[in-house]
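Numbering-wise, UniProt numbering puts 124 at position 124 of the sequence shown, and it's gapless, one number per residue.
Since the hints were derived computationally from the structure, they do not count as laboratory data.
Mixed in with the good hints there might be a few duds.
[Stated by the list, open to error] Result set (DSS-like, lysine-lysine): computed pairs, CA atoms no more than 25 angstroms apart in a straight line:
#, residue 1, residue 2
1, 113, 69
2, 25, 2
3, 73, 132
4, 113, 132
5, 73, 113
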Amino acid sequence: MKALYTTSATALAGRNGQVSTDDKKVDLQLSYPKEMGGSGEFTNPEQLFASGYAACFSNAILHVAGQTKVAIKAAPTTATVGIGANDNGGFALTVALAVELDLDQAEAEQLVKTAHQVCPYSNAVRGNIDVKLTVNGQAI
1 MKALYTTSAT ALAGRNGQVS TDDKKVDLQL SYPKEMGGSG EFTNPEQLFA
51 SGYAACFSNA ILHVAGQTKV AIKAAPTTAT VGIGANDNGG FALTVALAVE
101 LDLDQAEAEQ LVKTAHQVCP YSNAVRGNID VKLTVNGQAI
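The task is simple: from the sequences and hints, build the whole structure.
This is the structure in C-alpha coordinates:
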(Lines of atoms letter the chains of each structure in order from A and count residues from 1; the text may use other names and numbers.)
(Lines give C-alpha, C1' and ligand atoms only; values in the text may rest on other atoms or scores of the structure.)
Protein backbone atom coordinates (compact mmCIF):
# COMPACT_ATOMS: atom_id res chain seq x y z
CA MET A 1 0.00 0.00 0.00
CA LYS A 2 1.22 3.48 -0.81
CA ALA A 3 0.28 5.82 2.04
CA LEU A 4 -1.64 8.91 0.96
CA TYR A 5 -1.01 10.61 4.31
CA THR A 6 1.20 9.85 7.29
CA THR A 7 1.24 11.38 10.75
CA SER A 8 2.69 10.53 14.12
CA ALA A 9 1.86 11.15 17.75
CA THR A 10 4.01 10.83 20.85
CA ALA A 11 2.77 9.97 24.33
CA LEU A 12 5.07 10.98 27.17
CA ALA A 13 3.76 9.14 30.22
CA GLY A 14 1.01 6.76 29.16
CA ARG A 15 -2.54 7.35 30.32
CA ASN A 16 -1.59 9.97 32.92
CA GLY A 17 0.54 12.13 30.71
CA GLN A 18 0.44 14.13 27.54
CA VAL A 19 0.10 13.24 23.87
CA SER A 20 0.82 15.38 20.84
CA THR A 21 1.05 14.98 17.11
CA ASP A 22 4.16 15.87 15.17
CA ASP A 23 2.51 19.09 13.94
CA LYS A 24 1.06 19.92 17.40
CA LYS A 25 -2.51 20.13 16.05
CA VAL A 26 -3.32 17.62 18.78
CA ASP A 27 -1.66 18.46 22.09
CA LEU A 28 -3.63 16.99 24.97
CA GLN A 29 -3.32 16.04 28.61
CA LEU A 30 -4.44 12.48 29.38
CA SER A 31 -5.83 10.86 32.48
CA TYR A 32 -7.41 7.57 33.43
CA PRO A 33 -11.21 7.73 33.45
CA LYS A 34 -12.83 7.67 36.88
CA GLU A 35 -14.22 4.20 36.08
CA MET A 36 -10.62 2.94 35.93
CA GLY A 37 -9.49 4.65 39.14
CA GLY A 38 -8.30 7.90 37.61
CA SER A 39 -9.27 11.52 37.99
CA GLY A 40 -11.20 11.64 34.72
CA GLU A 41 -10.00 15.22 34.41
CA PHE A 42 -8.64 14.90 30.88
CA THR A 43 -9.34 12.85 27.77
CA ASN A 44 -8.23 9.25 27.38
CA PRO A 45 -7.18 6.95 24.52
CA GLU A 46 -10.64 5.38 24.21
CA GLN A 47 -12.24 8.80 23.66
CA LEU A 48 -9.64 9.61 21.03
CA PHE A 49 -10.18 6.26 19.29
CA ALA A 50 -13.97 6.72 19.38
CA SER A 51 -13.63 10.21 17.90
CA GLY A 52 -11.39 9.03 15.08
CA TYR A 53 -13.50 5.97 14.28
CA ALA A 54 -16.76 7.98 14.26
CA ALA A 55 -15.31 10.58 11.89
CA CYS A 56 -13.72 8.01 9.60
CA PHE A 57 -16.82 5.79 9.43
CA SER A 58 -19.10 8.75 8.76
CA ASN A 59 -16.82 9.75 5.91
CA ALA A 60 -16.76 6.19 4.56
CA ILE A 61 -20.58 6.30 4.38
CA LEU A 62 -20.46 9.62 2.51
CA HIS A 63 -17.80 8.24 0.17
CA VAL A 64 -19.84 5.13 -0.65
CA ALA A 65 -22.99 7.25 -1.03
CA GLY A 66 -21.21 9.46 -3.53
CA GLN A 67 -19.95 6.48 -5.52
CA THR A 68 -23.41 4.89 -5.63
CA LYS A 69 -25.27 8.17 -6.28
CA VAL A 70 -27.18 8.07 -2.98
CA ALA A 71 -28.11 11.65 -2.15
CA ILE A 72 -27.15 12.33 1.47
CA LYS A 73 -25.27 15.30 2.89
CA ALA A 74 -24.59 13.95 6.38
CA ALA A 75 -23.99 10.59 8.02
CA PRO A 76 -24.22 11.09 11.79
CA THR A 77 -22.21 8.29 13.41
CA THR A 78 -21.63 7.64 17.10
CA ALA A 79 -18.78 5.33 18.04
CA THR A 80 -18.97 3.81 21.51
CA VAL A 81 -15.69 2.30 22.66
CA GLY A 82 -15.27 0.19 25.79
CA ILE A 83 -12.17 -1.26 27.44
CA GLY A 84 -11.96 -4.24 29.74
CA ALA A 85 -9.88 -7.23 30.73
CA ASN A 86 -9.58 -10.06 28.25
CA ASP A 87 -9.09 -13.77 28.92
CA ASN A 88 -5.31 -13.58 28.39
CA GLY A 89 -4.47 -11.24 31.26
CA GLY A 90 -4.45 -8.17 29.02
CA PHE A 91 -7.06 -5.72 27.85
CA ALA A 92 -9.39 -5.55 24.87
CA LEU A 93 -11.73 -3.04 23.27
CA THR A 94 -15.37 -3.18 22.28
CA VAL A 95 -16.85 -0.98 19.57
CA ALA A 96 -20.42 -0.14 18.60
CA LEU A 97 -21.19 2.17 15.69
CA ALA A 98 -24.63 3.78 15.62
CA VAL A 99 -25.55 5.48 12.35
CA GLU A 100 -28.59 7.64 11.63
CA LEU A 101 -29.51 8.05 7.97
CA ASP A 102 -32.53 9.70 6.42
CA LEU A 103 -33.03 6.83 3.97
CA ASP A 104 -35.17 3.76 3.49
CA GLN A 105 -33.97 1.22 6.10
CA ALA A 106 -32.82 -1.38 3.54
CA GLU A 107 -30.87 1.24 1.56
CA ALA A 108 -29.36 2.66 4.76
CA GLU A 109 -28.27 -0.79 5.93
CA GLN A 110 -26.65 -1.61 2.59
CA LEU A 111 -24.80 1.70 2.61
CA VAL A 112 -23.47 1.07 6.13
CA LYS A 113 -22.47 -2.52 5.36
CA THR A 114 -20.50 -1.34 2.34
CA ALA A 115 -18.92 1.50 4.34
CA HIS A 116 -17.82 -1.08 6.92
CA GLN A 117 -15.80 -2.79 4.16
CA VAL A 118 -14.31 0.55 2.98
CA CYS A 119 -13.49 2.32 6.27
CA PRO A 120 -9.79 2.02 7.20
CA TYR A 121 -10.63 1.83 10.91
CA SER A 122 -13.03 -1.06 10.28
CA ASN A 123 -10.40 -2.77 8.15
CA ALA A 124 -7.76 -2.23 10.85
CA VAL A 125 -9.81 -3.83 13.64
CA ARG A 126 -11.51 -6.58 11.60
CA GLY A 127 -10.78 -9.98 13.12
CA ASN A 128 -9.72 -8.45 16.42
CA ILE A 129 -12.65 -6.33 17.64
CA ASP A 130 -16.25 -7.40 17.07
CA VAL A 131 -17.82 -4.16 15.84
CA LYS A 132 -21.57 -3.91 16.42
CA LEU A 133 -23.45 -1.88 13.80
CA THR A 134 -26.84 -0.21 14.11
CA VAL A 135 -28.65 1.91 11.57
CA ASN A 136 -31.58 4.06 12.65
CA GLY A 137 -31.74 2.07 15.89
CA GLN A 138 -31.82 -1.33 14.15
CA ALA A 139 -28.98 -3.82 14.60
CA ILE A 140 -27.47 -5.15 11.40
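Report the numbers of all earlier hints that the structure fails to satisfy, in ascending order.
none
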